[in-house]
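Enquirer: Protein chains in written order, with this note's numbering: chain Z, 1 to 425; chain F, 1 to 332.
A few of these clues could be false.
Claimed, not checked - Distance condition first, Cα-Cα at most 20 angstroms in a straight line; then the derived DMTMM-like pairs of lysine to aspartate or glutamate: (1) Z:K304 - Z:E167; (2) Z:K280 - Z:E167; (3) Z:K229 - F:D186; (4) Z:K411 - F:D86.
To be verified - Covered by chain F, according to a simulated footprint, are these stretches of chain Z (three or more residues, beta-carbon under 8 angstroms): (5) 69-76; (6) 104-113; (7) 383-397.
No wet-lab data here; the hints were simulated from the structure. Bear in mind the structure is a predicted one, so any value in this text is a computation, not a measurement. The C-beta atom is built at its ideal place from N, Cα and C for all residues, glycine as well.
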Amino acid sequence: MRNTLKLMSSAALFLVGGAVGASAGEITVYCQDIAVGCGALEAVVADFEAANPDDKINLELVNYQTILESLPIQLESGAGPDAAIVTDLGGLSRYYLDIAPYGDADMLRAEYAPTLPWLRGEAPTSDAINGIPLSMTVNGAYVNATLFDQAGIAMPEAGATWEDWAEVTQKVAEATGVSFPMEMDRSGHRFASLAISYGAELVDDQGQPVVDEGLKAAIEQFVAWHEEKVMPMDLWGAVGGSTHRELFSDFLNAETVFYFGGSWTIGKMDSEVGDLFDWKVVATPCGPAACAAMPGGSALAGFKNSKNPDLTGRFLAFVGQPEEIAKIDLYAKEIPTAKTLIDEGLEYTDVSAETQEALSTFMAQIPKIPETAYRFQGWRYQRAMMNAMTTRISQVLNNEMDVDTALERIKQDVELAIQAAGGSN
Amino acid sequence: MGGKPQWAEIGHRILTLPAVIVEPLMVGLQRLLGIKRMPWVFLLPNLVAVIMFCLLPVFINVLYSFTGSDRLYPADRNFVGGMNYDVLLSCQNYLDPSSCTADLFWRALRNSLIFVPTQVVLMVTVAMIAAICLNRQLPGRGFFRGVFFFPVMLSPVVVAYTWQWILQRNGALNGILSGLGLPTFDWLAVPDSAFAWSIFVTIWAHMGFYTIILLAGLQSIPKDVYEAARMDHASNWRTFYAITLPLLKPMVIVVVVLCIIRSVQTFDELYVLTGGGPGSATMLIVQYIYEVGFAVQPRNFGLAAAASLLLGLVLIIFTAVQMSLSRKSQNG
Numbered sequence: 001m002r003n004t005l006k007l008m009s010s011a012a013l014f015l016v017g018g019a020v021g022a023s024a025g026e027i028t029v030y031c032q033d034i035a036v037g038c039g040a041l042e043a044v045v046a047d048f049e050a051a052n053p054d055d056k057i058n059l060e061l062v063n064y065q066t067i068l069e070s071l072p073i074q075l076e077s078g079a080g081p082d083a084a085i086v087t088d089l090g091g092l093s094r095y096y097l098d099i100a101p102y103g104d105a106d107m108l109r110a111e112y113a114p115t116l117p118w119l120r121g122e123a124p125t126s127d128a129i130n131g132i133p134l135s136m137t138v139n140g141a142y143v144n145a146t147l148f149d150q151a152g153i154a155m156p157e158a159g160a161t162w163e164d165w166a167e168v169t170q171k172v173a174e175a176t177g178v179s180f181p182m183e184m185d186r187s188g189h190r191f192a193s194l195a196i197s198y199g200a201e202l203v204d205d206q207g208q209p210v211v212d213e214g215l216k217a218a219i220e221q222f223v224a225w226h227e228e229k230v231m232p233m234d235l236w237g238a239v240g241g242s243t244h245r246e247l248f249s250d251f252l253n254a255e256t257v258f259y260f261g262g263s264w265t266i267g268k269m270d271s272e273v274g275d276l277f278d279w280k281v282v283a284t285p286c287g288p289a290a291c292a293a294m295p296g297g298s299a300l301a302g303f304k305n306s307k308n309p310d311l312t313g314r315f316l317a318f319v320g321q322p323e324e325i326a327k328i329d330l331y332a333k334e335i336p337t338a339k340t341l342i343d344e345g346l347e348y349t350d351v352s353a354e355t356q357e358a359l360s361t362f363m364a365q366i367p368k369i370p371e372t373a374y375r376f377q378g379w380r381y382q383r384a385m386m387n388a389m390t391t392r393i394s395q396v397l398n399n400e401m402d403v404d405t406a407l408e409r410i411k412q413d414v415e416l417a418i419q420a421a422g423g424s425n
Numbered sequence: 001m002g003g004k005p006q007w008a009e010i011g012h013r014i015l016t017l018p019a020v021i022v023e024p025l026m027v028g029l030q031r032l033l034g035i036k037r038m039p040w041v042f043l044l045p046n047l048v049a050v051i052m053f054c055l056l057p058v059f060i061n062v063l064y065s066f067t068g069s070d071r072l073y074p075a076d077r078n079f080v081g082g083m084n085y086d087v088l089l090s091c092q093n094y095l096d097p098s099s100c101t102a103d104l105f106w107r108a109l110r111n112s113l114i115f116v117p118t119q120v121v122l123m124v125t126v127a128m129i130a131a132i133c134l135n136r137q138l139p140g141r142g143f144f145r146g147v148f149f150f151p152v153m154l155s156p157v158v159v160a161y162t163w164q165w166i167l168q169r170n171g172a173l174n175g176i177l178s179g180l181g182l183p184t185f186d187w188l189a190v191p192d193s194a195f196a197w198s199i200f201v202t203i204w205a206h207m208g209f210y211t212i213i214l215l216a217g218l219q220s221i222p223k224d225v226y227e228a229a230r231m232d233h234a235s236n237w238r239t240f241y242a243i244t245l246p247l248l249k250p251m252v253i254v255v256v257v258l259c260i261i262r263s264v265q266t267f268d269e270l271y272v273l274t275g276g277g278p279g280s281a282t283m284l285i286v287q288y289i290y291e292v293g294f295a296v297q298p299r300n301f302g303l304a305a306a307a308s309l310l311l312g313l314v315l316i317i318f319t320a321v322q323m324s325l326s327r328k329s330q331n332g
């Protein structure tokens with residue numbers, strides 16, 4: 001009996017000792033398995049561990065839903081990993097660790113100047129470095145070039161408006177018998193591109209929601225396209241609530257002429273379309289106010305809850321070096337966020353010429369992104385506004401309300417969300 | 001042969017070991033507390049479980065419904081009084097959801113009030129018909145029982161994806177219609193059609209379970225009662241109405257109660273199948289609570305808690321009415 005007790009005590013001490021040891025030089029990073037995920041980080045982790053033999057970085061593969069829904073609850077309850085690759089950049093800002101003291105802060109601020117404010121939530125002008133923006137995604141339009149060839153219709157040049165595209169894709173669809181001229185993901189983020197192009201401000205510089213004539217014009221145009229069957233009801237019409245829906249398979253199956261999605265589906269295009277038909281990414285369509293692609297992306301953020309903030313901070317600062325970010329973005333075929341890489345350009349190997357050209361087109365949109373789009377992307381209540389837009393626009397499409405009522409509801413929904421959060425950061 | 005009693009003895013000792021250990025403890029406790037308090041000692045484990053997993057969550061839910069902020073810990077949340085209830089209940093006309101501040105709550109409630117009775121009535125009717133058919137001496141009866149029960153074993157998400165695949169624009173149903181030269185239809189993009197299919201899919205997914213319960217009830221009815229009815233030349237309908245239904249009543253009540261509970265809880269199938277759309281046509285109350293509390297940012301736990309308490313209140317009233325009705329019918 002005494003021996004058993006001794007054995008159990010030793011095991012308990014070993015476990016406690018192991019845990020203490022783990023917190024000394026070991027951290028856990030949550031990452032997913034698509035786009036910029038665990039696979040993309042592996043080479044960088046190997047570099048870091050080679051340079052710091054006493055430290056250990058555990059990459060924990062989790063699904064995207066865990067990062068979206070479980071991670072915030074874990075962080076709120078004081079648990080969770082030391083760091084994670086996140087996409088709700090501003091929404092989790094209050095949990096982020098400022099890594100400025102742990103690395104070359106000046107270099108990081110210079111490299112990521114446009115995107116660091118996204119990670120600062122309600123304090124975008126502070127000088128905190130709340131994470132490393134790993135990749136930039138950009139909204140954009142994929143066009144089936146083969147259908148244009150078959151219809152004998154010329155593709156609009158860069159600078160063409162949304163209306164130009166609607167008109168010309170209708171002609172192509174009619175000539176080729178394709179089901180739909182245009183489609184857009186059911187996503188507030190995608191719709192924001194159209195809205196900002198039409199002059200919507202969405203959020204002012206005081207962080208208050210803006211519902212204006214630009215947003216109204218965009219919704220009216222969008223509804224008209226659905227009524228005229230330029231766009232199918234399957235995406236925005238058939239779904240309710242905040243549910244995200246995409247039908248990129250329609251583009252892959254050549255059932256639509258024009259699909260407004262984003263740069264993250266390039267890998268899919270490269271692997272699934274191959275030489276079935278010619279496709280290209282075109283310059284973002286313009287509205288009366290701008291040719292606005294919405295920026296987005298993922299970032300590696302450390303958390304204040306980390307038991308080892310020093311190692312977390314050092315690791316993140318290491319990842320933030322342009323040469324390490326280059327490895328990540330080349331692996332994931334994503335657009336870099338580091339200024340050095342944007343200026344010099346990244347040469348993606350083992351991709352088709354069409355993919356290389358599409359990536360170049362997406363990158364060419366970045367300098368044209370208006371300030372409004374960056375401000376909206378970094379706003380803490382961006383998701384509240386995007387959810388309100390998707391929910392209410394779908395209701396308009398189903399005759400549950402008119403556009404003016406939808407605008408009132410969008411404003412009310414966002415104000416209620418801000419009120420519910422107590423305006424806290 | 002000789003080893004058997006030995007093993008039985010060992011088994012007996014192992015089985016009675018807890019009693020041997022616990023008995024002196026209980027005797028000591030009884031001396032300490034007195035015999036009148038001893039029932040509470042035996043009830044304590046279950047009481048702790050009920051308090052931890054039923055009462056405490058309800059208490060926390062009530063607490064959350066009077067607080068604001070998207071913080072999780074009650075200590076971090078600020079007291080907002082009845083603000084969440086004000087938001088939910090503020091309406092110019094309760095019959096018109098668009099006149100309410102929380103219009104989606106009222107739309108979801110209205111949808112639920114149409115969905116639940118329709119689905120329950122259809123579910124019980126279809127399950128009853130299926131049970132009666134399966135109770136007859138049909139060829140391949142075992143096979144058909146399996147067929148009816150099979151969807152019950154599927155995950156709701158699998159059910160939803162399967163039907164989405166069938167009903168979507170380029171789905172199997174439109175493929176068949178198109179193959180037959182018939183016009184196709186965007187089944188899930190039109191509110192009434194999507195609502196009807198939502199009811200159909202949930203019935204398809206769960207009717208097997210209720211069919212089995214009713215089938216068990218049918219098989220427990222003595223055959224000689226039916227023989228007597230046949231000798232009296234009672235029609236099939238008269239037999240069903242005067243014999244089957246009264247004798248099956250306890251089972252029907254169980255099925256109706258279970259069906260209502262499941263119907264009010266409906267969420268996963270419809271969330272995947274329609275996402276509550278088109279517009280808000282298939283958004284039920286549980287989806288509204290989920291969206292407000294978990295799906296959107298920032299999470300409005302207070303409003304979700306208030307909405308779930310209001311739903312709880314409606315269910316309590318509904319259950320009380322139902323219990324009263326069933327008691328009356330039992331007495332009558």
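Enquirer: With a Cβ-Cβ cutoff of 8 angstroms, does the segment 383-397 of chain Z contain at least three residues near chain F?
Expert: holds (count 7)
Enquirer: Can you confirm whether the C-alpha distance between K304 (chain Z) and E167 (chain Z) stays at or below 20 angstroms?
Expert: Since the Cα atoms of K304 (chain Z) and E167 (chain Z) sit roughly 52 angstroms apart, the hinted pair is violated (cutoff 20 angstroms).
Enquirer: For the segment 104-113 of chain Z, do at least 3 residues have a Cβ located nearer than 8 angstroms to some Cβ of chain F?
Expert: Answer violated; 0 residues pass the 8 angstroms Cβ test.
Enquirer: Taking 20 angstroms as the top limit, are the C-alpha atoms of K229 (chain Z) and D186 (chain F) close enough?
Expert: Judged against 20 angstroms, a Cα distance of about 13 angstroms means the pair holds.
Enquirer: Quick one: see if chain F covers the segment 69-76 of chain Z, three-plus residues with Cβ-Cβ under 8 angstroms.
Expert: holds (count 4)
Enquirer: Check the hint pairing K280 (chain Z) with E167 (chain Z) against an upper bound of 20 angstroms on the C-alpha distance.
Expert: This hinted pair holds, its Cα atoms lying about 19 angstroms apart.
Enquirer: For the pair supplied as a hint, K411 (chain Z) and D86 (chain F), is the alpha-carbon distance within the 20 angstroms limit?
Expert: 18 angstroms, holds
Hint compliance for this structure: hints 1, 6 are not met, and every other hint is.
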